[in-house]
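Following the hints, put chain X in place on chain E, whose structure we already have.
Keeping their order, the protein sequence lines are chains E and X. Heads up, the working numbering is the position in the first sequence plus 135, with the first residue counted as 1. Heads up, the working numbering is the position in the second sequence plus 135, with the first residue counted as 1.
Because identical chains share one entry, a pair is satisfied inside a single copy or across any pair of copies.
Dumping the calculated SDA-like pairs for lysine to any residue here, alpha-carbon to alpha-carbon at most 25 Å: (1) 293 <-> 312; (2) 257 <-> 177; (3) 149 <-> 278; (4) 149 <-> 189; (5) 293 <-> 246; (6) 293 <-> 189; (7) 268 <-> 342; (8) 307 <-> 255; (9) 149 <-> 138; (10) 307 <-> 292.
Derived from the structure by calculation, the hints contain no laboratory data.
There are 2 protein chains.
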Amino acid sequence: MTRIRFHRSLDDLKEKLLVMAGMAEQSIQRAVEAYRTRDLSICDLVDRGELAINRFEREVDQMALDLLAMEQPMAIDLRFILAVIKINADLERVGDSATGISDRVRELEAFPMADLPVDTPKLASLATGMVRKALQAFIEADAAMAESVLSMDDNVDKLNETAYFTLLNVMKDQPHLAPQALAAVMISRSLERVADHATNIAEDVIFWVRGADVRHHMSVSEIHPA
Amino acid sequence: MTRIRFHRSLDDLKEKLLVMAGMAEQSIQRAVEAYRTRDLSICDLVDRGELAINRFEREVDQMALDLLAMEQPMAIDLRFILAVIKINADLERVGDSATGISDRVRELEAFPMADLPVDTPKLASLATGMVRKALQAFIEADAAMAESVLSMDDNVDKLNETAYFTLLNVMKDQPHLAPQALAAVMISRSLERVADHATNIAEDVIFWVRGADVRHHMSVSEIHPA
Numbered sequence: 136m137t138r139i140r141f142h143r144s145l146d147d148l149k150e151k152l153l154v155m156a157g158m159a160e161q162s163i164q165r166a167v168e169a170y171r172t173r174d175l176s177i178c179d180l181v182d183r184g185e186l187a188i189n190r191f192e193r194e195v196d197q198m199a200l201d202l203l204a205m206e207q208p209m210a211i212d213l214r215f216i217l218a219v220i221k222i223n224a225d226l227e228r229v230g231d232s233a234t235g236i237s238d239r240v241r242e243l244e245a246f247p248m249a250d251l252p253v254d255t256p257k258l259a260s261l262a263t264g265m266v267r268k269a270l271q272a273f274i275e276a277d278a279a280m281a282e283s284v285l286s287m288d289d290n291v292d293k294l295n296e297t298a299y300f301t302l303l304n305v306m307k308d309q310p311h312l313a314p315q316a317l318a319a320v321m322i323s324r325s326l327e328r329v330a331d332h333a334t335n336i337a338e339d340v341i342f343w344v345r346g347a348d349v350r351h352h353m354s355v356s357e358i359h360p361a
Numbered sequence: 136m137t138r139i140r141f142h143r144s145l146d147d148l149k150e151k152l153l154v155m156a157g158m159a160e161q162s163i164q165r166a167v168e169a170y171r172t173r174d175l176s177i178c179d180l181v182d183r184g185e186l187a188i189n190r191f192e193r194e195v196d197q198m199a200l201d202l203l204a205m206e207q208p209m210a211i212d213l214r215f216i217l218a219v220i221k222i223n224a225d226l227e228r229v230g231d232s233a234t235g236i237s238d239r240v241r242e243l244e245a246f247p248m249a250d251l252p253v254d255t256p257k258l259a260s261l262a263t264g265m266v267r268k269a270l271q272a273f274i275e276a277d278a279a280m281a282e283s284v285l286s287m288d289d290n291v292d293k294l295n296e297t298a299y300f301t302l303l304n305v306m307k308d309q310p311h312l313a314p315q316a317l318a319a320v321m322i323s324r325s326l327e328r329v330a331d332h333a334t335n336i337a338e339d340v341i342f343w344v345r346g347a348d349v350r351h352h353m354s355v356s357e358i359h360p361a
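Isolated chain E (complex conformation):
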């Protein structure tokens, strides 16, 4: 394989990872929409999407592995491929979180809707926003942007902690709402995990980009022009 073809393959790998990220993000959006509307047909979509995500994860891994095997990559490319492998694993687990939410929605079918004093869609939108930003930092090889994702995580942690104690009070004061409140705690926690995955992705981007800086003493845009 020529150097040029190798770099084209790296671009293909990046492209494929972005598709994977889109699938993961969509699965969370769908799961939260299923929760908001209690629409079990959306849960079915989430579950089918999960299978597709798992398949896609293996394809990305195999592609990365083939690139490592075919060529002796330079240090910078090696770090890039490893970042892809790690980000891929995190995106797959974002899909798992979506399935976890979807499972809770199915359980809630037996209970009436409850108006709980927590803003789950806001938490979902913050968490998926972090995933999106971490992936954007990856595309643009922008360590500063990746670092901004890390600081966003504090907000999500705080929102999740607030939801936890708010819902605990609901359980204490209105025990008949315990099933709905407990499900809401678990869903908040799943969304906080999505934010954790975004944080992991951001850290991988920093590892990759900084490694490039340290090893090459040149800007990343010179190494991987957009």
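Positioned in the frame of chain E, the structure of chain X alone reads:
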């Protein structure tokens, strides 16, 4: 680097990953002991351990990266190194689960001990047992053993689901115990995640070992003698 030195380095990498696994397992055991005894000094140990685990994770990653960069590894070694990188990430997150449990124990300080009808230490012992078995499958390159870890996960999922609904009933019937019951749900969930990480590790072992089989048409023990 000679081939022999390269293989000695692979052994060093494996050795280091096993130390990492021991740290992760210990952190879970400590966190559950802190929960059982409500001893916050053990929580401090868990938190300090978490810092050590994070440091160690980076060392393992760097060692794996150096091996990939220095040598053009054969396909079988490549898959091994990638498995190490992925297992390493899972072990670090086992450490995160321990910290999550430790955080809940700190919150519980404000509440009296409650005798809840769930066996958290049993769940913990099943989950850490899975991690240990997945690592053993890794050491012995034993895909069948790795597969037995996957089937153990069903038990953990069932125990966790049972704990969920049992504790939900506690919340409904004894709302004054809601804080303790909710913490117990979260801790069960953390332990179920530990089992999920063990499952991921087992899948990585299967990926590595099966890849060896497929590509070399010889038994793994011939490739990597114990």
